[in-house]
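Listed in order, the protein sequences are those of chains X and P.
Just so we're aligned, residue 1 is where the first sequence starts under the working numbering, counting upward by one.
Just so we're aligned, residue 1 is where the second sequence starts under the working numbering, counting upward by one.
Worth double-checking, as some hints may not be accurate.
[Stated by the list, open to error] Distance ranges between label pairs, derived from CB positions:
no.: 1; chain 1: P; residue 1: Gly159; chain 2: X; residue 2: Pro166; range: 51 to 57 Å
no.: 2; chain 1: X; residue 1: Pro166; chain 2: P; residue 2: Asp6; range: 54 to 60 Å
no.: 3; chain 1: X; residue 1: Glu91; chain 2: P; residue 2: Gly76; range: 39 to 45 Å
no.: 4; chain 1: X; residue 1: Glu163; chain 2: P; residue 2: Ser142; range: 51 to 57 Å
no.: 5; chain 1: P; residue 1: Trp102; chain 2: X; residue 2: Gly16; range: 40 to 46 Å
no.: 6; chain 1: P; residue 1: Ile36; chain 2: X; residue 2: Gly116; range: 34 to 40 Å
no.: 7; chain 1: X; residue 1: Asp36; chain 2: P; residue 2: Thr115; range: 38 to 44 Å
[Stated by the list, open to error] Stretches of chain P that chain X covers, calculated by requiring three or more beta carbons in the stretch to come under 8 Å of a beta carbon on chain X:
no.: 8; segment: 58-68
no.: 9; segment: 136-146
To be clear, the hints were calculated from the coordinates, so they are not data collected in a lab.
Here the structure is a predicted model, which means the values were calculated and not measured.
Beta carbons are placed, not taken as given, at the ideal position from N, Cα and C, and that holds for glycine.
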Amino acid sequence: MLNRREAISRLLADRGDMLVVAGLGQSCFDCFAAGDDPRNFYLWGAMGGAVPAGLGIALAQPERRVLVVTGDGDALMSAGAFATVGAEAPENLAICILDNERYGETGGQVTHTARGADLAAMAAAGGVGKARTVRTEAELADAIGALRSGAGPLVAVVKVAPESEPGALPPQDGPHLKRRFRTAALGVEDK
Amino acid sequence: MDNWRDGIFEAIKAAGVTQVAYVPDAGHSRLIERSIEDNDLRAVSLTTEEEGVALLAGAWLGGAKGVLLLQSSGVGNCVNMLSLARTCAFPLVMLVTMRGEWGEFNSWQKPMGATTRAHLELCGATCYRCDRPEDVRETVESAFRFAYFTNSIAAVLLGQRLIGAKVFEEPAPC
Ligand SMILES: Cc1ncc(C[n+]2csc(CCOP(=O)(O)OP(=O)(O)O)c2C)c(N)n1
Ligand SMILES: [Mg+2]
Chain X
1 MLNRREAISR LLADRGDMLV VAGLGQSCFD CFAAGDDPRN FYLWGAMGGA
51 VPAGLGIALA QPERRVLVVT GDGDALMSAG AFATVGAEAP ENLAICILDN
101 ERYGETGGQV THTARGADLA AMAAAGGVGK ARTVRTEAEL ADAIGALRSG
151 AGPLVAVVKV APESEPGALP PQDGPHLKRR FRTAALGVED K
Chain P
1 MDNWRDGIFE AIKAAGVTQV AYVPDAGHSR LIERSIEDND LRAVSLTTEE
51 EGVALLAGAW LGGAKGVLLL QSSGVGNCVN MLSLARTCAF PLVMLVTMRG
101 EWGEFNSWQK PMGATTRAHL ELCGATCYRC DRPEDVRETV ESAFRFAYFT
151 NSIAAVLLGQ RLIGAKVFEE PAPC
């Protein structure tokens, strides 16, 4: 089974000027563990918010690559957002869902992806035609290329092992995260 | 006196908005149509209003201003996501068409209509209410100033009396 932390550290290595939204729970920790960067926006809550937040950035910055990294639980909560992404069809938006088939952060209760729900199929049905499920090393290598630079919108649902990784806690202060992101991404200094 | 609707549109343009996120309400239909027609605006149809709260946080991270159009029932769909705007001090303007009040015929609109303002205030939003057409434009303008200068949530409640209660052909049941 693929290891989430390894997958994200490979995805975020040589990230170029990619802007990243990390969904609540372990996705945040994985992105932080890969190396903190002011162009990472970590959601410590707002469950269901990662995909629409990524969409908002992608529409505002059509020339920049925007990557959402989030969990299956978060993605299931915002399942309708696949249809919004499909309708808006931003070419610069890539979504990586770390599907451990669990609500990892709350004790590992199984999500619907352990019981038949297929997030890639849901994304495709919502209009995000480039949606795939990744299970093997070879598929991961290919998906990393697509997530970094393939024409979007695209979704890669990476099936990862259910075991939790060691804690790696990013900064939590919201205004700080917002300001440093805008400074790094846009060059603005908010007062 | 229906040109308050155009007044909202002009206020949105003057504020520099580029993303108009909405779940439709009849009271917003003209604004939605004008937003779709305007090449400088991205009108984003949402599947649920909370998506719009997160979308517009992203818009601001990407340097763009936005507005969220919703009806009072949609405020209930936003509650937890508003913690994103509040915790991170994202500027957010919500234009809320009220239901469940003046001349309402649909009792299912009453619970949210009666508590919209309280919900918003509990979520940290500052609310402005409009019942007269002549107040609308400057209220929307001041909501934008408030939200974007003070990094906070401003909601404009557009009263049902202003919008005009929805009228149905069927006689109401006794
Ligand atoms: C609205 C809301 N409901 C429930 C929770 C509790 N909660 C926090 S993290 C989480 C699980 C997230 O699962 P997933 O997105 O799959 O992340 P992972 O398995 O990677 O931890 C839940 C249910 C919450 N924070 N917000
Ligand atoms: Mg999970």
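So, going through the hints one by one against the coordinates:
1. P/Gly159 with X/Pro166: 51 to 57 Å: Distance hint for P/Gly159, X/Pro166 holds at roughly 54 Å.
2. X/Pro166 with P/Asp6: 54 to 60 Å: holds, 57 Å
3. X/Glu91 with P/Gly76: 39 to 45 Å: Check failed, 34 Å falls outside 39 to 45 Å.
4. X/Glu163 with P/Ser142: 51 to 57 Å: holds, 53 Å
5. P/Trp102 with X/Gly16: 40 to 46 Å: With Cβ atoms ~54 Å apart, the hint is violated.
6. P/Ile36 with X/Gly116: 34 to 40 Å: Roughly 38 Å apart at Cβ, these two residues keep to the hinted range, so it holds.
7. X/Asp36 with P/Thr115: 38 to 44 Å: The hint (38 to 44 Å, Cβ to Cβ) holds, given that X/Asp36 and P/Thr115 are roughly 41 Å apart.
8. 58-68: holds (count 8)
9. 136-146: Violated, because only 0 residues of the segment 136-146 of chain P bring their Cβ atoms closer than 8 Å to Cβ atoms of chain X.
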